[in-house]
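Q: Following the hints, position chain B against chain A.
Here are the chains, one letter per residue:
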Amino acid sequence: MRASRGFWGATAVVATAALLLTACGGGGSGDDKGSGAVDANASVSVYGTEPENSLIPANTNELGGSKALKPVFSALVGYKSDTAEPYNLMAESITTTDSKVFDIKIKKGWKFHDGTEVKAKNFVDAWNYSANGKNGMQNASFFEQIQGYDEISAKEPAVKEMSGLKVVNDYEFQATLKGPFSVFATKIGYLAFAPLPDKFFADPEAFAKAPIGNGPLKFVSRTPNQNMKLTRFDEYQGEDKVKFKDLEVRIYTSQETAYQDLLSNRLDFMEALPPAAKAGGKYKTDLGERLVEGKLLGISALALPYYVPGYNNLDLRKAISLAIDREQIVKTVMNDTYAPADGYVSRGIEGYRPGVCEFCKFDPVKAKEFFAKSGYTGKLTIASNADGGRKEPLVAACNSIKNALGVECDFVPATDFGQWRSIVNNRQLTGMGRSDWSADYPSIENYLNPRYKSTGSSNDSTYNNPAVDALLTQADQTADKAAAIKLYQQAEDLIAKDLPQIPVWEEKGVGGKSNRLKTVKLDFGRLADYSSIEVAAK
Amino acid sequence: MPQYILRRLLQLIPVFFGTTFLIYALVWAVPGDPFAGKCGQVACPPAYIEMMTAKFNLDDSIFVQYFKYLGNLFTGDWGETFNGVSVGELIGNAYPVTVRLALIAVAIEAIIGLSAGILTGLRGKGFLDNLVLMSTTFLISIPVFVTAIVLQIVLGSELGIIDASVSEDATIGELIVPGIALGSLSMAYIARLTRTSIAENRHADYVRTAVAKGQPRSRVVGVHLLRNSVIPVLTFIGTDIGALMGGAIVTEGVFNINGIGGLIFRGIQNREGATVTGVVVLLVMVYLLVSLIVDLLYAVLDPRIRYD
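Just so you know, the sequences run in chain order A and B.
Sequence positions in the first sequence follow the UniProt record's numbering and run 1 to 538.
Sequence positions in the second sequence follow the UniProt record's numbering and run 1 to 308.
It cannot be assumed that every hint is accurate.
[To be verified] A short, non-exhaustive set of chain B residues, derived as facing chain A with CB atoms under 7 Å:
no., residue
1, F17
2, A36
3, M51
4, S157
5, N258
Just so you know, the hints here were simulated from the structure itself, not pulled from any lab data.
Computed from a predicted structure; not experimentally measured.
Just so you know, even glycine gets a beta-carbon here, dropped at the ideal spot from N, CA and C.
So that you can see chain A by itself, here it is in the shape it has in the complex (with noise of 0.2 Å):
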């Protein structure tokens, strides 16, 4: 038995190392709040997710990618975090007279990560590049207003440089339009618009692997599914500059985790909160001050599909939207998470007017009359993904509708995001349907024509009014930004009348910081705005 009895002693020892190990890197993370002084060096930790698409800018459109690529590049235009309002960040000038021709000077002096000098020729090569039907760029129809993008984008381009961009010299180009757009010089802040350096069209796979970008951070070391490593770059000119040194993006694959992380202090940022801590308003307790909100530009609606039967009817519409009891669900079922809707642009967007929707409050005895009006029979349903916490709030949309009007209503689930979006697409509802809309960019524009305009991409109810449409061309065709706003809002008046799509409500936006961080803020597209970052100094 001597030989067993090694082995249990040497199993002994080896389990009380490792437990010390474990408790040893348990220990780290203090309550440091530090004197008001701002750690220069530091390094700060935000939660991400797996990119679903390859790392370059124009094939990157959802958060998981965003969040490493956005501050590895920086585009002509940047937006303010507090009020999404767009400044000149790499473009020394944007000017146009007929909002068709945008003439673009860049700042001189900028570099990419690589060393080599940002050109104008950077801007129009990857312009091109992600036009070009032949790459697949994801973000492709971004570039759809300018001069020459039906022919680059077909599937065998016969060319190779849309005929609207042109350099004129090192630090200038000219973009032509098909039509006058006057929302193009706040647009160009996408990141699809970001500038590419020559090593990108030498070998697309490989930048893919290792981007080289010309923002306030540069591209490190990436482990899938695990991190991407971010530093500062220092010869960074522009005036979102950050103020840590290092930025690890960490996936995670339950956000549960996550947040358990972040109240230890492991983890210095989340821009969402799993269900779990909003459940009851946890959230405000388990965090505090720590709490981080921002104002995200994005609405949901309920799309009420032209071609499903019996939805084609405005008093049905009129009534449904009133027996939602936007209010009560925000509150109870949202945790305050949500803020209710009240029109078809979001809140912090310039043109916003309160009370567009005259029949988005809740008004169960207007809402029967409306019903009766309607003459429909039935039953109701809303359809949606039901994952993502997207379940719970259309379900009480529903118990709201079912009580006011006394019709039947159901939720109807769909597996995840992807079978959901088949179907919206290729007009399978059979009822009404979730519609969310996230901003790309800060403007009404693009609230209203993706939307509502008859040939929109993300047009869910298949709405079709000629004098919206005509109301929209006519605001894209105005230069003078203010009477542009005044067309949209126009169009928007008229759509609020023909209610193809109720709106419901607006995310907030509620994330978490670290005992770390003095700072953080949350910009309208759901990211840390990385350049508001302060770590307290130790």
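A: Using the frame of chain A, we list chain B on its own:
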């Protein structure tokens, strides 16, 4: 013996083709467009969908797709995920962590389970027996994700003994608590199995003979009794290693461990056939090899067992 091993290894070939084809077909034949939700609320540009369809051979019939996949596999190319990461690299990153986690779980369940089983099996009814009986019943009745989350919250957030998530290095020390969560269920089974087996064999003739020959108790228990009683337990542990590799999905998710379990989970979620098939091929191999090793160990423990 060598013949037996060879035969067992040859059996791997049809199993390999069968499982990989089944998995490949199941993953890619799921109805619905894998690229439908890729571009958010907006439908993806046709050029993107065409490029991806061509890249993953989705226009071919499932058989052609499968053979193209196999062809690549034999040249060492495991394929790519939708976001352009090589599956081989993913598996290479994830495997060591999962192996470590599984070994820790097996060590924990074997050490604690066997000792509890032996102790209670030898002593028979009494306080200790009741205690083990109750605690194992308790462990068996709660699902792994509950064990994992309770351990994480109590030891992590409440007491601060461990970190709520495992860091990128995934050291042995960090993996102990996840290992306990992962192995807890099997630990209970092993304790039960050992206890029954020992209790049965305790009164067997060969034990009585050994005792009658005047051998010391430690030798009677350690050599005669344990050696015979441990065979069913060994089978269990053997198959459990395979199960732990794949079954770590929940535990790896809770403790945010970048292992094989998480890889499968994400692969299924994103409908990434290449990832899922690749990982499952490996799991099948592990399963088959471990069960081969277990079978061979039988002969060592019980010389009466012969292979032909």
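Q: Does F17 (chain B) pass the interface check with chain A, least Cβ-Cβ distance below 7 Å?
A: Given a least distance of 28 Å, the restraint on F17 (chain B) is violated.
Q: Would the stated hint for A36 (chain B) survive a check requiring a Cβ distance to chain A of less than 7 Å?
A: Check passed: Cβ of A36 (chain B) comes within 4 Å of chain A, closer than 7 Å.
Q: Given a cut of 7 Å on the nearest C-beta pair, is the interface hint for S157 (chain B) held or broken against chain A?
A: S157 (chain B) check passes; min Cβ-Cβ to chain A is 5 Å, inside 7 Å.
Q: Classify the hint on M51 (chain B) as holds or violated, based on whether any CB of chain A lies nearer than 7 Å to its CB.
A: Holds. Min distance 3 Å.
Q: Holds or violated: N258 (chain B) as interface residue toward chain A, Cβ cutoff 7 Å?
A: holds (5 Å)
Hint compliance for this structure: hint 1 alone is broken.
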